[in-house]
Amino acid sequence: MFIPHTEEEREQMLRTIGVGKIEDLFRDVPESVRFPDLNLPPRMTEMEIAAHLNELSSANESSRDLVCFLGAGAYNHYIPAVVDALIQRGEFLTAYTPYQPEISQGTLQAIFEYQSLIANLTGMDVSNASHYDGATAAAEACVMAYFHFRGKRSKIVLSPALNPQYRQTIRTYMVGYENLQIVGDEPERDPLASPDQLLELVDMQTALVIVQYPDFFGRIQDWTQFAARVHEAGALLAIAINPIALGLLKTPGAMGADIVVGEGQPLGIPMSFGGPYLGIFAVKKEYVRKIAGRLVGETTDKEGRRGYVLTLTAREQHIRREKATSNICTNQGLMALAATIYMSALGKRGLRQVSELCYHKAHYAAEEINAIDGYEVVNGGPFYHEFVVKCPLSVEEINNHLLDHGILGGYDLGKDYPSLKDHMLIAVTEMNSREDIDLLVSVLQEVSENA
Amino acid sequence: MLEPTIYELSSPGRVGVEFPAPDVPRAPLPEELERQDLPLPELSELDVVRHFTHISNLNYSIDFGFYPLGSCTMKYNPKVNEAAARLPGFAHTHPLQPIETVQGNLALMFELQEWLKEISGMAAVTLQPAAGAQGEYVGVLIMRAYHVSRGDRKRTKMLIPDSAHGTNPASSAMSGFEVVPVPTDNRGNVDLEALKSLCDDTIVGLMLTNPNTLGLFDENVLEVTRIVHEAGGLVYGDGANLNALLGIGRPGDMGFDILHFNLHKTFSTPHGGGGPGSGPVGVAAHLADFLPEPVVGIVEEGTEEIPPLYGFIRPIKSIGRIKSFHGHFGMAVRAYTYISMYGREGLRSIAEHAVLNANYLLARLRDHYPVPYDRICMHEFVLEGHLPGTEVHALDISKRLMDYNFHPPTNYFPLVVREALMIEPTETESKQTLDAFADAMIKIAEEAKTQPELLRSAPHNKPVSRLDEVKAAKELVLCCWLPEDVKA
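Protein chains in written order, with my numbering: chain A, 1392 to 1842; chain B, 203 to 690.
These aren't lab readings, by the way, just hints derived from the structure by calculation.
Built from N, CA and C at the ideal position, the CB exists for glycine as well.
Some hints could be false.
To give an idea of the chain A side of the interface with chain B (calculated C-beta under 10 angstroms), a few residues [claimed, not checked]: (1) Asn-1445; (2) Ala-1501; (3) Ala-1619; (4) Arg-1620; (5) Met-1726; (6) Val-1834; (7) Gln-1836.
Where chain A lies over chain B, by a calculated footprint (3+ residues, C-beta under 8 angstroms) [as the list claims (entries may be wrong)]: (8) 337–344; (9) 432–439; (10) 647–654.
Bound conformation, chain A alone (with noise of 0.2 angstroms):
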């Protein structure tokens, strides 16, 4: 194991202290409580765990035994061998959160560099060194809107077709903010709608407007007019991002979105039954220093080197206590890491070249179902790498046949919205082949023919 002492070195230590046997180091502990019998397994060795973690991992069906078209929030890409290389270095791995920058120029370079990468994808000014996830990030703008406008603007807007998990955790971060509305997805809009009637909702007392893009749909527009319309009411806009189709499609700074957030899952990082992830988070310059999260800033040493430190850490709880806006200690350190290799090993052309693929291929997927009799793509407009699927019988039926064929099927979307009942989401990566999505369609044609 991974105590080191040895008998002899254990008494010479107690001696030193003056105690007599460990046990008398631990008398500040009540009695009645102290020294409990845990019924926990007996121990393993290495060789025993890694055969049992391998038993319980096999027990699993992973993207690698299935073809996978579940989407929905966590996408399954090809990661090249070098990233996971890279991060398992002992030295990005197993450093601390880079207090003494002295001796972390490491880990801040690699943050400075992540910054500057999503900043640049985004289109937005200025990138903080991460949330924890796509979800929290959201959550994160809420806060962020709500004191920019000292909680006197008490209206949050929330596109329906904002995914429906970043809205729950949405409210679940807000509920201490009484005074505060959340609308806009109320069960009873179709949420398939034109997201301009959310424009209806928004007033001087709104604080912020949330829409995704592509939306959980997988639909894509220019956000530009509707930001503007935002931006009239003095409200702030902030737009959720998939990073892979921004590859190719054009940035939300360039459409006027005041902040940015994303699930930075999709650049390097696996699946992993749904984390760690990576949350983006990005504003405009005039946002700085109201966002949440660590800040790496470039300066000199006082022999005038380059080298970086956290800063603007004023505004932190380690600082701040109960004045911060924000409880956040951590980034996703190792996880902003992976991304920011994921996109120099991809660089300018790999990151074009996964996004048109993702692209192409859900395109050719959902002309090739579309055709198909019973189902029907109902997105209208364009679309990225997901699109909804009306089925002839429920998702579950036909995700149970698919499974058969070692097919991961896609999302229920009838477990969050009522008016999609037998309607699925169905996502595609670079990760699948003509023959598989052909395969998706042969299966999904026999399901209906069955019917």
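We have chain A; now place chain B onto it with these hints.
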């Protein structure tokens, strides 16, 4: 300049990782939505490997040396954890797959929940929170929901000892509560008289770290939790210092109603240069219905031949969802691996050796640095970083330690100690390492008297010297300079 940035290394037209041409017809791109430029760097794969290898060498890390950071529990991060989390069945499962296809993941999560319950004495556990600070926020939201569910809306004050982590007051304030500090007595415990006078029917509860940030176990903990409960409040336990309690005492048995765990401290998942963490939350039986959704449970009982079917459950009065999906599963795999390797027989030895190491270092340093609360400590202790008759500060001592190839202790925290140096050695450090560190600390104490300038100008042999933080905050350069050709 130590190492150019990826943008400075970029060469127009250079290609790194490539992808195949589409095997489907190209769909027309929506012209008005297509971006015109993609300002990412252009590097070869070797450029990338060398760059990140170079900058990694500018970091201090546990793999390189001793990291006595108080309250951070910088123990060894076993390599088997990394291999475990990368098994394809774990790493490549989608979070929304049908539960029948992910029974291995769910069984692991269920078992880890059970183990954390057993270790802490709590009745129910969620693995969802992403980090300690988020676990804390969950705890505060549960306290709020509990009082509201009883129609008890006048409770608005959160009691927090003055030695607490800054996240405690920040989490409380985020939830709309007023923070009321509780003083520390002269033995480093919560001041019982002060606590009694603050406890009435307006308190939400108390947020208590035990052992506290002075590394001291609160000798009156049973009394403290009783006083808060009598006033109708709940006691929240900050699990930052749980490493000292494994197999020693269970917070649930001491009267804590809520506890968050830091898998990245106590259970050896790597800190990763500042995350990802993982902050599961455990609660006593009367709060189990308030846990965030989802928790993993048995949805169909098994038989002797057939294992149970695991699935996700929404507690009936749940505070809701706190992040996407089900928590940092990859971190859960690592913690599961670690706990398995200690098991029933071994877990207590972690706390025993962490406490042994801390007391040994304290014994070696006691005569050289002022010790504000000189008692048997738990897994960490606090020294004062100002030495009588010298002008040096905790910061100077910290920076000078770097010259001796040690990471500095946590400094200037807790706030109740002047020039605090907070030292937590963890159980994975050997006597030889502790002796070398103590020797360096003692030498520095001498240098402070004889050559104070050596401390004030430290570090001397690191990639950079002290950095200008004022300039960084004033100029706010937060993004790489873009060479013109990249910008275009």
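Okay, the hints, checked on the actual structure:
{"no.": "1", "hint": "Asn-1445", "verdict": "6 angstroms, holds"}
{"no.": "2", "hint": "Ala-1501", "verdict": "6 angstroms, holds"}
{"no.": "3", "hint": "Ala-1619", "verdict": "16 angstroms, violated"}
{"no.": "4", "hint": "Arg-1620", "verdict": "18 angstroms, violated"}
{"no.": "5", "hint": "Met-1726", "verdict": "6 angstroms, holds"}
{"no.": "6", "hint": "Val-1834", "verdict": "16 angstroms, violated"}
{"no.": "7", "hint": "Gln-1836", "verdict": "18 angstroms, violated"}
{"no.": "8", "hint": "337–344", "verdict": "holds (count 3)"}
{"no.": "9", "hint": "432–439", "verdict": "violated (count 0)"}
{"no.": "10", "hint": "647–654", "verdict": "violated (count 0)"}
Of the numbered hints listed earlier, those contradicted by the structure are 3, 4, 6, 7, 9, 10.
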